[in-house]
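Residue numbers (the numbering used here), protein chains in the order written: chain A, 1 to 111; chain B, 112 to 226.
No wet-lab data here; the hints were simulated from the structure. For clarity, every value in this text was computed on a predicted model and none was experimentally measured. All C-beta atoms, glycine included, are put in the ideal place defined by N, C-alpha and C. Any given hint might turn out to be false.
[As the list claims (entries may be wrong)] Short derived list, chain B residues pointing at chain A, Cβ under 10 Å:
1) R120
2) Q128
3) F176
4) E179
5) I187
6) A200
7) C203
8) I207
9) S219
[Stated by the list, open to error] Dumping the calculated DSSO-like pairs for lysine-lysine here, alpha-carbon to alpha-carbon at most 30 Å:
10) K5/A x K94/A
11) K94/A x K162/B
12) K155/B x K5/A
13) K5/A x K57/A
14) K162/B x K57/A
15) K138/B x K5/A
16) K182/B x K5/A
17) K57/A x K155/B
18) K5/A x K42/A
19) K42/A x K57/A
20) K103/A x K5/A
21) K71/A x K162/B
22) K103/A x K182/B
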Amino acid sequence: QQQVKQSPQSLIVQKGGISIINCAYENTAFDYFPWYQQFPGKGPALLIAIRPDVSEKKEGRFTISFNKSAKQFSLHIMDSQPGDSATYFCAASKTGYALNFGKGTSLLVTP
Amino acid sequence: NAGVMQNPRHLVRRRGQEARLRCSPMKGHSHVYWYRQLPEEGLKFMVYLQKENIIDESGMPKERFSAEFPKEGPSILRIQQVVRGDSAAYFCASSIPDRVGYGYTFGSGTRLTVV
Numbered sequence: 001q002q003q004v005k006q007s008p009q010s011l012i013v014q015k016g017g018i019s020i021i022n023c024a025y026e027n028t029a030f031d032y033f034p035w036y037q038q039f040p041g042k043g044p045a046l047l048i049a050i051r052p053d054v055s056e057k058k059e060g061r062f063t064i065s066f067n068k069s070a071k072q073f074s075l076h077i078m079d080s081q082p083g084d085s086a087t088y089f090c091a092a093s094k095t096g097y098a099l100n101f102g103k104g105t106s107l108l109v110t111p
Numbered sequence: 112n113a114g115v116m117q118n119p120r121h122l123v124r125r126r127g128q129e130a131r132l133r134c135s136p137m138k139g140h141s142h143v144y145w146y147r148q149l150p151e152e153g154l155k156f157m158v159y160l161q162k163e164n165i166i167d168e169s170g171m172p173k174e175r176f177s178a179e180f181p182k183e184g185p186s187i188l189r190i191q192q193v194v195r196g197d198s199a200a201y202f203c204a205s206s207i208p209d210r211v212g213y214g215y216t217f218g219s220g221t222r223l224t225v226v
């Protein structure tokens, strides 16, 4: 069963807009929540990650919002650029165990 | 400072043949994870290995698939008697012992096509 559920499956945003991708998880033992970015033909690359002791983490134009009680977390991409067009994966893990990934969101930023 | 190296990048096998996928982790990384990515699907965990030890193979199909990470050399994912449904991208990631479950570095993957 899918331990991490991600939505939407695809997203189109105009240049300069905000891209928002959401994820939900079930296992309350998860303690690490990263987002990965993948370009065609490449492996996923870590974008940003958060632990459940904080509700928000920001790195440049990328922000993770985390809601522990709702078991949800989201990625916000501010001022989206065409170069951000890629597939984004959320993931979750419990320390000592492998990452569980969502199914991915294909983001297209139009000029 | 090479990253995670996977080879081959592309592999074509006929049904019934064996496929061997290799993964050399980053220098200093002793933990390796294998994932499978199907079109329109996410990354599905297959197996997690340390050198000479399989830690978690809960995501690996019980038949035809095996993995190893010997003391010397790369990690190998072996698929025997391949079928069309095995066609996918297979990604390997590595991490250091203190960062199990996070701090992954992924390779560029091996794209397996079964004809």
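Hints and how they fare:
| no. | hint | result |
| --- | --- | --- |
| 1 | R120 | holds (9 Å) |
| 2 | Q128 | violated (24 Å) |
| 3 | F176 | violated (16 Å) |
| 4 | E179 | violated (17 Å) |
| 5 | I187 | violated (18 Å) |
| 6 | A200 | holds (9 Å) |
| 7 | C203 | holds (8 Å) |
| 8 | I207 | violated (13 Å) |
| 9 | S219 | holds (5 Å) |
| 10 | K5/A x K94/A | holds (16 Å) |
| 11 | K94/A x K162/B | holds (21 Å) |
| 12 | K155/B x K5/A | holds (13 Å) |
| 13 | K5/A x K57/A | holds (21 Å) |
| 14 | K162/B x K57/A | violated (34 Å) |
| 15 | K138/B x K5/A | violated (33 Å) |
| 16 | K182/B x K5/A | violated (37 Å) |
| 17 | K57/A x K155/B | holds (26 Å) |
| 18 | K5/A x K42/A | holds (23 Å) |
| 19 | K42/A x K57/A | holds (26 Å) |
| 20 | K103/A x K5/A | holds (7 Å) |
| 21 | K71/A x K162/B | violated (34 Å) |
| 22 | K103/A x K182/B | violated (34 Å) |
Comparing the model with each numbered hint stated earlier shows that hints 2, 3, 4, 5, 8, 14, 15, 16, 21 and 22 do not hold.
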